[in-house]
Every structure is written in structure tokens, then in C-alpha cells.
Amino acid sequence: MTRSVVCVALAIAAVSGCRRTEPAPQPGEADRPPFGGDFTLTDQDNKPFRLQDLRGRPALLFFGYTSCPDMCPVTMSRIVAALRLVGAPARDVPTLFVSVDPKRDTPAVLKEYVASFSAPVIGLTGTDEEIGRVASAYHAAYEIVPTGTKNYLVNHTSAIFVIDRGGRLYRYFKYDEKPETLAAALRAVLREGP
Amino acid sequence: MIRTHCLGAALVLLAAGLPAAAQHDPAARRGSDRGIVIGDAWVRESTATRTSSSGYLRIVNRTDRPVALVQVSVVGAAGAQLHAIVDQEGRTEMRPLSRLTIPANASVDLAPGGTHIMLTDIARPLAVGRMVEMRLTFDDGGTRTVRAVVRPLSAMSVR
Numbered sequence: 001m002t003r004s005v006v007c008v009a010l011a012i013a014a015v016s017g018c019r020r021t022e023p024a025p026q027p028g029e030a031d032r033p034p035f036g037g038d039f040t041l042t043d044q045d046n047k048p049f050r051l052q053d054l055r056g057r058p059a060l061l062f063f064g065y066t067s068c069p070d071m072c073p074v075t076m077s078r079i080v081a082a083l084r085l086v087g088a089p090a091r092d093v094p095t096l097f098v099s100v101d102p103k104r105d106t107p108a109v110l111k112e113y114v115a116s117f118s119a120p121v122i123g124l125t126g127t128d129e130e131i132g133r134v135a136s137a138y139h140a141a142y143e144i145v146p147t148g149t150k151n152y153l154v155n156h157t158s159a160i161f162v163i164d165r166g167g168r169l170y171r172y173f174k175y176d177e178k179p180e181t182l183a184a185a186l187r188a189v190l191r192e193g194p
Numbered sequence: 195m196i197r198t199h200c201l202g203a204a205l206v207l208l209a210a211g212l213p214a215a216a217q218h219d220p221a222a223r224r225g226s227d228r229g230i231v232i233g234d235a236w237v238r239e240s241t242a243t244r245t246s247s248s249g250y251l252r253i254v255n256r257t258d259r260p261v262a263l264v265q266v267s268v269v270g271a272a273g274a275q276l277h278a279i280v281d282q283e284g285r286t287e288m289r290p291l292s293r294l295t296i297p298a299n300a301s302v303d304l305a306p307g308g309t310h311i312m313l314t315d316i317a318r319p320l321a322v323g324r325m326v327e328m329r330l331t332f333d334d335g336g337t338r339t340v341r342a343v344v345r346p347l348s349a350m351s352v353r
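Here the protein sequences come in this chain order: A and B.
If you count by my numbering, then the first sequence holds residues 1 to 194, one letter each, in order.
If you count by my numbering, then the second sequence holds residues 195 to 353, one letter each, in order.
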């Protein structure tokens with residue numbers, strides 16, 4: 001059985017250092033992770049989506065897949081909890097769910113999935129190359145893991161990325177970060193101007 | 195994560211099946227037999243296009259010997275496997291577990307974000323509110339059958 005591995009070493013090194021137990025202070029320019037950036041994928045309505053389309057709104061982003069049995073719903077639950085803590089100002093903050101399983105995660109499948117959560121979620125998919133480029137830009141890694149059945153798993157970077165109004169990466173956290181910490185980062189980017 | 199707990203007085207009552215305690219926890223009462231109590235069993239919903247899911251429960255071992263869960267099957271799912279979540283420095287991996295030991299007089303939780311039962315190739319979508327039958331086999335040859343409630347995709351606990 002073969003495994004396809006997409007950008008691994010740098011991603012692991014980068015994401016491993018992100019765990020925080022206290023609300024994150026507002027970083028200065030120098031503290032922002034020097035990666036991330038704009039991208040183009042296809043949303044759940046089968047329309048092109050560019051990060052720039054958010055036009056001054058902050059966003060959260062994580063990599064996952066709809067067949068992910070545990071981690072991705074848990075990540076979404078943390079995000080929903082954080083958004084609730086922030087309240088009304090976070091009402092228009094979308095979560096960008098970037099699929100690392102484009103073979104199964106068609107726009108239609110994503111549309112059904114994102115409707116399951118009580119928060120605005122934009123499901124994004126694309127070609128292997130397109131998703132690989134986004135993962136690379138965010139120093140994320142994923143790999144297909146065959147299970148010996150028609151089903152397969154996808155191991156993937158589990159970080160939650162906080163993106164500011166300008167589309168720049170502000171911070172990233174582990175998927176099981178306290179909602180309070182995520183909320184603090186969200187409040188910080190909401191306070192910023194475009 | 196697997197959470198191991200010392201068996202407190204409340205769980206002793208629960209495991210013993212005393213009516214006053216057990217009646218307040220039907221899920222635990224259903225699985226109680228021979229010193230092993232299964233409680234709070236639930237699974238996430240699935241759909242026609244998303245045929246994988248996950249299952250969670252609590253196993254209480256009120257015996258003086260460790261016992262290991264070695265096999266799980268769920269009616270309607272072609273595959274059911276114990277999985278641990280391993281954090282490889284930022285990248286999440288799920289690793290199959292061949293057995294899950296519950297120490298003597300202790301309990302283990304299978305909970306979101308930690309060790310869970312992965313269900314695959316679910317033939318009929320698991321609709322919220324449905325009950326599904328889950329069969330657990332232990333290393334002493336004993337089996338338990340519990341009914342697990344189907345909870346929404348976004349759920350984090352049985353309630």
C-alpha cells in the first residue's frame with residue numbers, strides 16, 4: 001500500500017509550537033507567522049472562492065475531510081464554542097473548511113456537511129494540485145492512509161488558523177485549544193482595521 | 195483521550211445494578227453484567243454520502259482483574275475498529291488499537307478527540323435519534339450488547 005505524503009517536515013515543525021494555554025496576546029507584525037496567504041479553491045456551491053472574496057472579514061481555517069470520524073467534528077465544536085464566546089461581533093466570521101480529500105468531498109458533499117454546524121462554514125475543495133498548494137502555503141501536511149477496505153483515512157495537520165481582515169495569517173492553534181484562547185485571537189483580529 | 199478513573203462510590207452503586215442508582219442511568223444499566231458496565235454509548239450521525247462515523251462510551255470494570263476490549267461490531271456498519279488519536283507534532287493520526295485495557299476497579303471513557311470506535315461503510319444512514327446496537331467482545335470471551343443513541347455531527351457528548 002502506498003501513501004501519498006504532502007509537505008511534511010516543515011509543517012510539523014511549524015504547527016508543533018503553537019499550543020498555548022492562556023489567551024494569546026496581540027502579536028505585533030513581527031509575531032505573525034510568515035506564511036499563509038491568498039488562494040483560490042471551489043466552494044460548496046461549486047463556485048470559485050478566493051480568500052480575498054471575504055473583503056475585510058477575518059476568518060478561521062482548518063484542513064479536514066467530511067469522512068473524518070472524530071477530529072474534524074471536534075475541531076468544529078471548539079470553533080463554534082469560541083465564536084459563541086465572542087458573540088455578535090463574530091457573527092460574520094466564516095470558518096473555511098479546506099478538504100484534504102477532494103476525491104470524496106465534492107461540492108455537494110461539502111454543502112451537506114457544512115450545514116450541520118451552527119456557524120457559517122465555507123466548504124472548500126479543488127484538484128489535488130490546488131489543495132496541495134494551499135496546504136503548502138499554510139505549512140500543512142496530509143496523507144492518505146489505506147485501510148484495506150474501500151474506505152481510507154487521511155492523516156492531516158490539525159491546526160486552526162486565524163486569518164485577519166487583510167487575509168494574513170494572524171495565529172494558529174492546536175485543534176483542541178481552549179475556546180477562550182481562540183476567542184481572544186478572534187477578538188484581536190476583529191479589533192483590527194482592514 | 196482515554197481517561198481512567200478510580201471507581202468511586204457512585205459508580206460502585208451503578209455497577210452493582212442497585213435499582214435506586216441504576217434507574218437514573220438507563221444506558222449504564224443496559225450494559226451491566228458480570229462486573230463490566232457499559233454506559234453513555236452514542237454514535238455520530240452519518241449520511242448517504244458520508245458513510246463513516248464514530249462511537250463513544252464508558253466502560254466500568256468493577257472486578258479485581260483488568261479486562262480488555264478486543265472487538266467491536268455495530269449493526270449496519272461493515273467496519274468497526276478501536277482507534278487512538280496520536281498527535282505527531284501537529285499532524286493528527288488515527289491508529290488502530292488491537293485491545294483497550296480497563297484496569298481493575300477503574301473505568302475508561304471513549305470520548306471525542308481521543309480513543310473512539312471508528313465506524314465505516316455504514317449501509318443505512320444513522321439518523322439523529324435512532325438507536326443502534328453495539329456489540330463488545332472482551333478478552334475473557336465475554337460479550338456485551340448495548341444500544342447507542344445517534345447524536346448530531348456536532349455533538350460532543352451523549353447528552
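Incorrect hints may have been included.
Facing chain B, from chain A, some residues (calculated, C-beta under 7 Å) [as the list claims (entries may be wrong)]:
1. 71
2. 109
3. 141
4. 158
Keeping only pairs whose Cα atoms sit at most 25 Å apart, straight-line, the calculated SDA-like set for lysine to any residue is [as the list claims (entries may be wrong)]:
5. 111(A) to 51(A)
6. 103(A) to 287(B)
7. 111(A) to 264(B)
8. 150(A) to 277(B)
9. 111(A) to 317(B)
10. 174(A) to 343(B)
It is worth saying that the hints were derived from the structure and are not from the lab.
Glycine residues also receive a C-beta, built at the ideal position from the N, C-alpha and C atoms.
Exercise for the section: Verify the proposed pairing of residue 111(A) with residue 317(B), using a straight-line Cα cut of 25 Å. Expected result: holds, 21 Å
Handout entry: Per-residue hint verdict: residue 71(A), partner chain B, C-beta under 7 Å
Key = holds, 5 Å
Practice task
Assess, step by step, whether the Cα of residue 111(A) is no farther than 25 Å from the Cα of residue 51(A), and give holds or violated.
Solution key: holds, 18 Å
Practice task
Given the hint that residue 103(A) pairs with residue 287(B), test it: the Cα-Cα distance must not exceed 25 Å.
Solution key: With Cα atoms ~20 Å apart, residue 103(A) and residue 287(B) stay inside 25 Å; holds.
Exercise for the section: Closer than 7 Å between Cβ atoms is the bar; does residue 141(A) clear it against chain B? Give me holds or violated. Expected result: Interface hint status for residue 141(A): holds (5 Å vs cutoff 7 Å).
Problem - Satisfaction of hint between residue 277(B) and residue 150(A), Cα-Cα up to 25 Å - result: holds, 18 Å
Problem - Interface hint outcome for residue 158(A) [beta carbon to chain B under 7 Å] - result: Constraint on residue 158(A) satisfied, holds at 4 Å.
Problem - Pair hint residue 174(A) and residue 343(B), alpha-carbon separation not exceeding 25 Å - result: Between residue 174(A) and residue 343(B) the Cα gap is close to 29 Å, so the pair fails against 25 Å, i.e. violated.
Problem - Restraint check for residue 111(A) with residue 264(B), where alpha carbons must lie at most 25 Å apart - result: violated, 37 Å
Practice task
Using Cβ atoms only, decide whether residue 109(A) comes closer than 7 Å to chain B, and label the hint accordingly.
Solution key: This hint holds: residue 109(A) lies near chain B, its Cβ roughly 5 Å from the closest one there, short of 7 Å.
Violated hints for the displayed structure, listed by number in ascending order: 7, 10.
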